[in-house]
Amino acid sequence: MEEQGSTSGQIKRVVFVGAESTGKSTLCEYLARQYGSVAVPEIGRYIWEDKQGQLAASDYVDIALRHRDAEDEQMPYARRYLFVDTNALTTLLLGLEFGQVTEPVPPELLRCADDCRERYAHTFVCADDIPYEEQAARENEAWRGRIHQLVLKDLEARGIPYTLVSGSVEERALQVRRVIEGVA
Numbered sequence: 001m002e003e004q005g006s007t008s009g010q011i012k013r014v015v016f017v018g019a020e021s022t023g024k025s026t027l028c029e030y031l032a033r034q035y036g037s038v039a040v041p042e043i044g045r046y047i048w049e050d051k052q053g054q055l056a057a058s059d060y061v062d063i064a065l066r067h068r069d070a071e072d073e074q075m076p077y078a079r080r081y082l083f084v085d086t087n088a089l090t091t092l093l094l095g096l097e098f099g100q101v102t103e104p105v106p107p108e109l110l111r112c113a114d115d116c117r118e119r120y121a122h123t124f125v126c127a128d129d130i131p132y133e134e135q136a137a138r139e140n141e142a143w144r145g146r147i148h149q150l151v152l153k154d155l156e157a158r159g160i161p162y163t164l165v166s167g168s169v170e171e172r173a174l175q176v177r178r179v180i181e182g183v184a
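In our numbering, the protein residues as written are 1 to 184.
Since the hints were derived computationally from the structure, they do not count as laboratory data. One thing to keep in mind: the hints can contain errors.
[Stated by the list, open to error] Derived SDA-like pairs: lysine to any residue, alpha-carbon spacing no greater than 20 Å straight-line: (1) Lys51 - Gln100; (2) Lys153 - Glu118; (3) Lys153 - Ser166; (4) Lys153 - Leu110; (5) Lys51 - His122; (6) Lys12 - Asp114; (7) Lys12 - Val179; (8) Lys153 - Arg177; (9) Lys153 - Asp129; (10) Lys12 - Gln175; (11) Lys153 - Arg80; (12) Lys12 - Asp69; (13) Lys12 - Ser25; (14) Lys12 - Lys153; (15) Lys153 - Ala127; (16) Lys12 - Ala121; (17) Lys153 - Trp143; (18) Lys12 - Arg79; (19) Lys12 - Arg177; (20) Lys153 - Gly99; (21) Lys12 - Glu108; (22) Lys12 - Glu73; (23) Lys12 - Tyr30; (24) Lys12 - Glu97; (25) Lys12 - Arg80; (26) Lys12 - Lys51; (27) Lys153 - Leu164; (28) Lys12 - Met75; (29) Lys12 - Arg68; (30) Lys153 - Ala142; (31) Lys153 - Asp114.
Can you make the complete structure from the sequences, with help from the hints?
What follows is the structure, given as structure tokens:
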């Protein structure tokens, strides 16, 4: 099975990026159920929680590689689309923003981030228009707004086309459907 640029009948990767508490996981899982497919969770969240936020640059490389492996492992189980919660671009961006990844950025992490341009058939940014959900592993609502703007700026700087989705889960899912199915 192929990903982006594939002919009909083959699996396309659909990725959801954005700041924390913007509904990426919820939307990803919702769409996977709607399409009878699978969702790949955000691997970095588990590592972040396990290490209580005390990560080194090598951990971000590990997150990016493990996330790619999780995607690849789920491809045989996907139907039409593989729904992916975050990607290596976000991993890199957060590592830099937390100061846990510094220049020079590990080459493997850069390679994974650069591959995001071709790896995904569709990139969706979840807007920060839903209520912020406090959790111990999260920063705060102001941080969320800042990261949201950085994600948009990074995608634009890299020339990666994206669609901003907003509203309720159902409204977001409808916006995604229109894009991935090519419906106006």
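Evaluated hints:
1. Lys51 - Gln100: Between Lys51 and Gln100 the Cα gap is close to 13 Å, so the pair holds against 20 Å.
2. Lys153 - Glu118: 18 Å, holds
3. Lys153 - Ser166: It holds: about 18 Å lies between the C-alpha atoms, which stays within 20 Å.
4. Lys153 - Leu110: 17 Å, holds
5. Lys51 - His122: 31 Å, violated
6. Lys12 - Asp114: This hinted pair holds, its Cα atoms lying about 18 Å apart.
7. Lys12 - Val179: 13 Å, holds
8. Lys153 - Arg177: 24 Å, violated
9. Lys153 - Asp129: It holds: about 18 Å lies between the C-alpha atoms, which stays within 20 Å.
10. Lys12 - Gln175: 17 Å, holds
11. Lys153 - Arg80: 30 Å, violated
12. Lys12 - Asp69: Holds, at about 16 Å.
13. Lys12 - Ser25: 18 Å, holds
14. Lys12 - Lys153: 25 Å, violated
15. Lys153 - Ala127: 14 Å, holds
16. Lys12 - Ala121: Roughly 6 Å separates the two Cα atoms, so the pair holds.
17. Lys153 - Trp143: 15 Å, holds
18. Lys12 - Arg79: Given that 20 Å is the threshold and the Cα spacing comes to 9 Å, the pair holds.
19. Lys12 - Arg177: 13 Å, holds
20. Lys153 - Gly99: 19 Å, holds
21. Lys12 - Glu108: 24 Å, violated
22. Lys12 - Glu73: 14 Å, holds
23. Lys12 - Tyr30: With a Cα-Cα distance of about 17 Å, the restraint between Lys12 and Tyr30 holds, given a limit of 20 Å.
24. Lys12 - Glu97: 30 Å, violated
25. Lys12 - Arg80: 6 Å, holds
26. Lys12 - Lys51: 32 Å, violated
27. Lys153 - Leu164: Within the cut-off at roughly 13 Å; holds.
28. Lys12 - Met75: Roughly 9 Å separates the two Cα atoms, so the pair holds.
29. Lys12 - Arg68: 14 Å, holds
30. Lys153 - Ala142: 17 Å, holds
31. Lys153 - Asp114: Since the Cα atoms of Lys153 and Asp114 sit roughly 15 Å apart, the hinted pair holds (cutoff 20 Å).
The structure fails hints 5, 8, 11, 14, 21, 24, 26 (numbered hints given earlier, in ascending order).
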